[in-house]
Amino acid sequence: MRSFHCMAAPGSHGNRGAGRRTGVRAAAVALAAGTSVTLAACGGQATGTSPTTSSGKPGEVLTVGFSVQAPETLDPAKAPQNYAWFEELAYEPLILQRSDGSLAPGLATSWSYTGTGNTTFVLHLRQGVKFSDGSSLTAQDVADDLGYVVKSAGQMSPFLAGDTFTATGPLTVTIKATSPNPDFPQILTQDDVVGDIISAKGLRSPSLLGTQTLGAGPYMLDASATVTGDQYTYIPNPNYYDKAEVHWKKVVVKVITDPQSMLNAMKTGQIEVANGDPTTIAAATSTGLTVTSTPDLWMGVTLADRGGALAKPLANAQVRMALNYATDRSAISKALFPGTGAATSQLAPPGGYGYDPSLTSAYPYDVSKAKQLLAAAGYPHGFSLKIVTGDYGGENLMAQALAQQWQQAGVNLQVTDDANSNQFYAAAFGAKFPAFMTVFGQIPTWIEGPSLFLAPASYNPFHTASASLASLYQQEARSSGAQQVLLDQQIEEYLVNQAWFVPIVTIGLPYYATSAVTGTATSAKAPLLELYEVRPAS
Amino acid sequence: MTLISPAATSPGHELPERMPAGGRGRVLRELARRPLALVAAAYLAIVGILAIGASWLAPDSPQQEDLTHVLSGPSQAHWLGTDRLGRDVLSRLMFGGRITLLGVVEAVVVFAGLGIVLGLVAGFTGGWTDRLIARFGDLVLALPGIIVLLMVLSVFPGNELATMVALGLLSCPTLLRVVRGSTLTIRAETYIKAARLSGLTSARIMWRHVLPRLAGPIIVQLSLFAAAAVLVQSALSFLGLSTPETQGPSWGNMVGEASDVISQDPWLLVPAGGVLVLTVMALGLLGDAMRDVTAARHLAPLPPRRTQSRRGPGGRRGPRGPRRAPAASQPLPPPASILSVRGLTVAFAAGGRDIPVIRDVSFDLAPGEALGIVGESGCGKTITTRALLGLLPDGGRVTAGSAMFDGADLAVMPERDFSRIRGNMIALISQEPMSSLDPSFPVGSQLTEVIRRHNPMSRGQARARAVELLAMVNLPEPREALSRHPHELSGGMAQRVSIALALAGNPRLLIADEPTTALDVTVQAEILALLRDLGRRLGTAIILVTHDWGVLADLCDRALVMYAGEVVELASVEDLYRSPRHPYTDGLLAANPHLAAVGDTLPAIPGAVPPPSAWPAGCHFQPRCRHATDECGTGIIPMAEPVPGRLTRCIHADKVVTAR
Amino acid sequence: MLRDAVRWLVSSLVLLFVITALTFVLASMAPGDAAKAILSSQSGSYTVQQYQQMRHALGIDQPLPVQYWRWLDGVLHGGLGADLFSGQPVTQELNARLGPSLSIIVGTVIVSGLAGVSLGIVSALRGGALGRLVDAVSLAGLAVPNFWLALVLVELLAVRVQVFPATGYAPLSADPGPWLRSIALPVLTLSAGGVAFVAKQTRDSLSEVMSRDFIVMLRARGLSRRSVVLRHALRNAAIPVVTVLGLLLVGLLGGTVLIENVFSIPGLGQEAVTAAGSHDLPVIEGVAFYFAVVVVIANLLVDVSYRLLSPRTRET
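Quick mapping for you: the protein sequence lines, in order, are chains C, R and D.
Per this note's numbering, residue 1 is the first one in the first sequence, and the count goes up by one each step.
Per this note's numbering, residue 1 is the first one in the second sequence, and the count goes up by one each step.
Per this note's numbering, residue 1 is the first one in the third sequence, and the count goes up by one each step.
None of these hints come from the bench; they were simulated from the model.
Backbone N, C-alpha and C define an ideal beta-carbon position, used for all residues, glycine too.
Careful, some of the hints might be misleading.
Unchecked claim - Pair by pair, the computed Cβ-Cβ distance ranges are:
| # | chain 1 | residue 1 | chain 2 | residue 2 | range |
| --- | --- | --- | --- | --- | --- |
| 1 | R | 52 | D | 110 | 40 to 50 angstroms |
| 2 | C | 61 | D | 235 | 49 to 59 angstroms |
| 3 | D | 230 | R | 550 | 34 to 44 angstroms |
| 4 | C | 310 | R | 35 | 39 to 49 angstroms |
| 5 | C | 432 | D | 160 | 53 to 63 angstroms |
| 6 | C | 207 | D | 70 | 52 to 62 angstroms |
| 7 | C | 310 | D | 64 | 54 to 64 angstroms |
| 8 | C | 310 | D | 110 | 55 to 65 angstroms |
| 9 | D | 78 | C | 465 | 25 to 35 angstroms |
| 10 | D | 29 | C | 432 | 13 to 23 angstroms |
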């Protein structure tokens, strides 16, 4: 399994300079696991050769376009998952995520759970690894690094909090967790960033890590050619252990937040690969760019106020279901995401965690049914509902479309648009509105819990608690394999049937690439483009 | 000095004056005569109506979505196409106009209110208040507005009112300055002082007297600011910092949307961008037109070349101004005249016709002679001299006659040949010594430039020559004077410098156009003496234009008297004084205070000088002449020579003589 | 002379103080703060205690005057504080962004100055159809919103016909070629308004001067039309034009904010907007400071030009 946090690329001009420094969504995109059998939750060595066959010599310069915003810090313990690209170029993770979904050895050559209950996890490190500053990799270094991650209270640190990290041999690290954690391998890949190991020197002077890289990855940051907030230049790391994987003499990551500008830069050959935006997919395809994307996130509404604190009607499940029936998902999908979106009534994308094909059309578009349910719930004349939206990926457009659709059922949706993402988060997560527009990437359900549906989750600002959900969740902690898949589906069912959300479309985050490069494939299990696999087209 | 009648202002220059009678109405009418201003005003009116009346006039609701027809181009159902949610662009433009209009109104109100009030107070009160307000204005203007606006938007996110108020505040110093400047000027005018003395309060004075005159410039500033406000408002909206789409369409966020979908539907850029451009242009045009109408000086663009059109070989021979026959009975030019003018006629183009301002001017000038041209302001003296140098103002041209100088006819000379003449052969000094020198260059540099233009020599040599010239015109401390700038000189000194500049090319003829009018009495005498002296020493002929008999007598041997564009008499100065042979000359002399006895009432000539557009058919002086008969009005009176050496354009000249 | 210098120094300092203080006050009034922003970016939810700790660590729990005083103190010691998010010194961050913004601003002033003055001269002297054409073009140039024009130019000159790069900035290190090409479109966009502005003023000013008495007298003295216009008339018409160029320079500070956005140029303008949105006080202050310095320098240049051009002002 892999996990990675979704970078919902901005789809509207509202982000144009609207200060999105901390626009991170605590969303994580899960990769369609396909079947969990191959999931490394069961541990085991990753076998198989590297799927990348490099063409041999390093190419010249790879210019990458990054569209979310500039990272505030380059410290892997603090950088949210949005900025995985900036980290993975310079920092080698313990476990490598491959683009075909498999896991491969990184700084750890093998790993496994020992005992039962998913509480003890052991890693065996590679020999002879040197960091870019010349120091050597030791088990103590890794243990210290993981301790630093927890101390830094970064995005993924809660999944390592409370664990002890011990060097049980010169190249062996043991992690002991206080509560079961079925997903250690996913957490320790480059996609979750916290698995990126910092050198001992970096750990001694963490203030350097904000603007320099002290890792063991294929490249290292060239501070002299880097303009913070705009352009980050990486040059090959002379100490990297696998020189054949270094394909470029220089990698430059440029931050371009406007999707149209990004597209233009690609059309004019200034950039070879970039993360795109749902609103520019059609244009990118027609220009002849390679567009790769796998459905990995859902867009819709979070009906947060299930207790009725601000909006009494939402306390009633029938009302929430009525809203689901009142939504014409396919019209929105066709209008706003032609060719790339798929209408859906469930949270999981096809092939994703908890995906159940029968749930996709759980709520067909039916206005009269919606009105019926509303009447039965005691609102025959409808009601007013306040909702807040940001400007990501067209969600503000979606909100406006919903407003017109729900009006047919008598629900008057009052939209507040917070282009400034700080404000949006404060409003949405601060329980200031009973509902908010949402873009959420799939991650393993167990990892999703603390973000999305458990009582303390940020996407649950009114802290709705459900005993059945909590119970399912705890069972999953100890589970693995087919049992885990079943529990995933049960959780999904609960969320859909209780209409905690109004999922509308599921789309994939697109990546664009010019014909100058290859290695930009993504797969259902690995929807995030792995930069280190990108190489010159021969 | 004898000043005979109030000056008619020369064409093209108007002093700042009070609001003429029917002031506001006149301004509107002027405005209406300009087609661009009318179009702009009409456009703005239409936009305003469509925006305000959008609820009734728009074809669709701006929120009406049609998800099956998104991003469609112009069609019958949607004249300007649809946007990303299938909403009608035209309707959204109309409703969007409301937001823009509202924003602009908010900003303009603050701008106008603060600018006018502060400007009036500063200009009127003066002293500390004035200094404080002026400083405040300077400071505000120096603020980088964008930072302040960004900050205001952080404090009041998405609040359009706050930003527009801030914009008005940040920009008000421009209006403040204009109002303050004008108020200061007006305050010093006598009628304001009179109003004050008569007890009117400052506020009242400001309201009744000052403000109406400022109406023009204020409106100019308002419309220019409104144009800027439209741009700022839409820019902030485009950036997503205010008026988000969910609150309704605005022109700015519509451009923003267009930029998002530019790959899929570039058409969307056109409606919103177009309406922005047109609106700003319209406001700008209105402001410009207003400025043109109310400006103290008319800044009309200059015609192609600052030269007169020429008849003759290569020149235009048009239906206007056919060559007229020289006036009858003109004596042959005396031998060795350096300048012989015959029948010179100059006309100005006005409303499609040519209106003559001088007609049939003829005289000769002997080398070294000093000839006077005397007459009231507006009689054509200056025009005559300008015509000789090819320096008629815009719209003027020689339409008949000739002016032979050094074998060439100045009346038909092409522009490029004049370079040989000006400064070199014929030089000019004018009435206002201060404004005849370039204020930006020191005296020395201006002299050396002219010297080297006419005589190739090194800079050092030119400087030496310059000192010589300044010494020649009796300028004290000539070497030090070289580094002085014109504003450091007194009137008399400046006039001397002008004379030195005129002499730098060793001209054979010096035209002195009222050289002493603007000078003190004592200085006058000096300058005249200087001119006389120079004329004698250098053998330069002088044409002296004046309205003062005393000056005339001081310097000139002969003189011609002009009235209403015609030469009415030409004789020696002594003859003119003793026995004028034209009723006008007679009347002038009678009105000369120098010649009157103490205690007598000065006889004034009844009536007024006719303007060029209303010259009587026959003798121009007929309506005012006590000797006039019907015969005087039948046709153009030719010059006659009743006595050798005396020319007069009066058929009753003998009556003048006997009447004395 | 000394008195003037002192006066200039005092008024510049006052200006810097006012601008930065005003920015400080306004920025602090904005809802939300950097502590919240950092914490939410790291881990979604956080405790009150963590929030207080973060505020203390960032130094934003002090009263405003204290914060401002600390900042001033830092300035006097040559520093502008550190970015609250990345920890990088503000001076370092902003200096890297000076190049792009200055390139565009100075480039625009030069282009607008040269083209605008030329156009203004032509239209003042020739009048008639050419003059009216210049008028119309000027008006259009002033009326077109620069962000809209930028979009159009990018689409036409960078995407469809790939003459210039669509985004990005190439620093002027060794090769001026890429640098010039990268600033060409932004400069072109901003110059549309700039040329119009300058041309209009040049024309008005020159027309006014050409109608003055001394111009006729200069011709009367035999000087060529060319030298009368280019040497004498222009010199006298220069002051309002210089004023306008100064205003243009200051106005471009605002223009770059929009343009840098559309062209993804890493300049001060972009930084200003980003910092404003995330309440990064030291960076906001830093940008305000840099802008204020630009204003001061612009004013100085204008004043010096006045003195050089007009002998009368040399005495006052």
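Item to complete: Would you list, in rising numerical order, the hints stated earlier that this structure does not obey?
Response: 4, 5, 6, 7, 9
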